[in-house]
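Visitor: Spelled out, the chains give:
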Amino acid sequence: MIGVHVIALISAVITLTVIIELSRRRQIPEKYAVIWLVVAAVIAVFAIFPSLFNAMAHAVGVKNPPDLLLVTASLFLLVICVRFSFEIGRLEDKTRILAEEVALLRKDLDDLAAED
Amino acid sequence: MTPRPAVNGRSVLVVVPALNEATSVAGVIAAILYSVPDADVLVVDDGSKDDTAIVARAAGAQVVRNPFNLGVGGAMRVGFRLALAKGYDTLVQVDADGQHDPADVATLVGALDDSDDPQVVIGARFAGAGNFEVPKARRLAMRILARRLSRITGTELTDVTSGFRAHNRAAIVLFADCYPADYLADTVESLVILADAGGRVQQVPVTMRAREAGAPSQSTLRAAEYLARVTLFLGLSAFRRRSSERTSEGASS
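These protein sequences, in sequence, are chains V and B. Per my numbering, the first sequence starts with residue 1, numbered consecutively. Per my numbering, the second sequence starts with residue 1001, numbered consecutively.
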């Protein structure tokens, strides 16, 4: 039997390794790497010291500690998703503007070539 | 392409956004040049997979090719920026599928007056001339949109999604900076932007012809989707910040 804490710890370690490796290869921007490193670190701490998490749950008045885990995890993922939607929107805008510029520049080039 | 007087002493750039319209675009260009011989025609090839650009060039149009599909709004943004850079007095948008009658281009341009405020003249399909059939759901959505836009612009409008429009110089300047690129927003939100900038919208009845090519997007499911989008758009537009801040980066050559 492997306990839930061991699974959490293993997941955290895997996440840490993958993120560190990705940022070492410059495959992930630092600002996103930081988010996931912090998440993995927090999970690792709670996996090693479950009593810490339980104490925290009781401190904020949650009777069943896993409930707190579920709620915080969901909220965190929601915030991240909204954040990404926002960033994708900005990227789309920028790509579109670039595409328009390319179209106009190509037209200028065609016109210049036609003049010669 | 040099601006020269074409209608009532004004230079005219006719912008034709085209996506895979190789079969119809030549006829449209010929018809435009026949009815307004001194206009320049600019086909914005919005990522076509067929010979639209080649056919358009052969038919006597200037061609700009978008590197990938940007939608009608994105194609029009390119048209506005080019019209601004080259110094055209008016820009007329005409669809490439042949449903707009180019004989009406002069009518639309003629409806622009000499004021320096931004002006748009819409060639409207439901304004009496000709017959035009659309499914009920779509028609309802269009009517709701039209009523709301009439209130915002202070003009009685019946066909706000029509892509048959004439813009004066001030409107070209305005839209070169901030023409909306999203679906629906290009035709509808542009009118809101114009109204906010103190501009004027007019509507002129035009005849619509059967499309020369291309499938009309009018199934019931599509119409329902359209209604949902219109509702969402109207809901959002009530809260939306009125500004060009989101898309005003970068200037044209």
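Calculated from the structure, these hints are not laboratory results. Please note that the accuracy of each hint is not assured.
Unchecked claim - To be clear about the criterion: a stretch of chain B counts as covered by chain V if any three or more of its residues have a C-beta under 8 Å from a C-beta of chain V, and this derived list gives those stretches:
hint	region
1	1076-1083
2	1147-1160
Said to hold, decoys possible - Cβ-Cβ distance ranges computed for the label pairs, FRET-style:
hint	chain 1	residue 1	chain 2	residue 2	range
3	V	D116	B	F1068	25 to 31 Å
4	B	D1116	V	T72	22 to 28 Å
5	B	K1049	V	L52	35 to 41 Å
6	B	V1173	V	V13	46 to 52 Å
7	B	T1002	V	L78	43 to 49 Å
8	B	L1234	V	T72	34 to 40 Å
9	V	A41	B	D1182	49 to 55 Å
10	B	E1156	V	L112	53 to 59 Å
11	V	R26	B	T1155	53 to 59 Å
12	V	N54	B	D1182	44 to 50 Å
13	V	F86	B	G1235	18 to 24 Å
14	B	D1182	V	E21	44 to 50 Å
Where a beta carbon is used, it is the ideal one built from N, C-alpha and C, also for glycine.
Visitor: Range hint 44 to 50 Å: satisfied by the CB atoms of N54 of chain V and D1182 of chain B?
Guide: 49 Å, holds
Visitor: Does the beta carbon distance between D1182 of chain B and E21 of chain V stay inside 44 to 50 Å, or does it fall outside?
Guide: Given about 39 Å between the Cβ atoms, the range is violated.
Visitor: Taking 43 to 49 Å as the hint, is the beta-carbon distance of T1002 of chain B and L78 of chain V inside that range?
Guide: 55 Å, violated
Visitor: Starting from the range 35 to 41 Å, see whether the pair K1049 of chain B and L52 of chain V falls in it by beta-carbon distance.
Guide: This hint is violated: roughly 59 Å between Cβ atoms.
Visitor: Quick check: does the Cβ-Cβ distance between F86 of chain V and G1235 of chain B fall within 18 to 24 Å?
Guide: Check passed, 20 Å falls within 18 to 24 Å.
Visitor: Go check the region 1147-1160 of chain B versus chain V for me, would you? Three or more residues, Cβ under 8 Å, otherwise it fails.
Guide: With 0 residues in contact (Cβ-Cβ under 8 Å with chain V), the coverage given for the region 1147-1160 of chain B is violated.
Visitor: Is it true that the C-beta distance of R26 of chain V to T1155 of chain B lies inside 53 to 59 Å, as the hint says?
Guide: Since the Cβ atoms of R26 of chain V and T1155 of chain B sit about 55 Å apart, the hinted range of 53 to 59 Å holds.
Visitor: Given the hint of 34 to 40 Å, check if L1234 of chain B and T72 of chain V actually sit that far apart at their C-beta atoms.
Guide: 37 Å, holds
Visitor: Is the distance from the Cβ of A41 of chain V to the Cβ of D1182 of chain B consistent with 49 to 55 Å?
Guide: 40 Å, violated
Visitor: Is it true that V1173 of chain B and V13 of chain V lie within 46 to 52 Å of each other by Cβ?
Guide: 59 Å, violated
Visitor: Is the hinted range of 25 to 31 Å satisfied by the C-beta distance from D116 of chain V to F1068 of chain B?
Guide: Holds, at about 29 Å.
Visitor: Starting from the hint 22 to 28 Å, judge whether the C-beta atoms of D1116 of chain B and T72 of chain V obey it.
Guide: 58 Å, violated
Taken one by one, the earlier hints fail for this structure at numbers 2, 4, 5, 6, 7, 9, 10 and 14, listed in ascending order.
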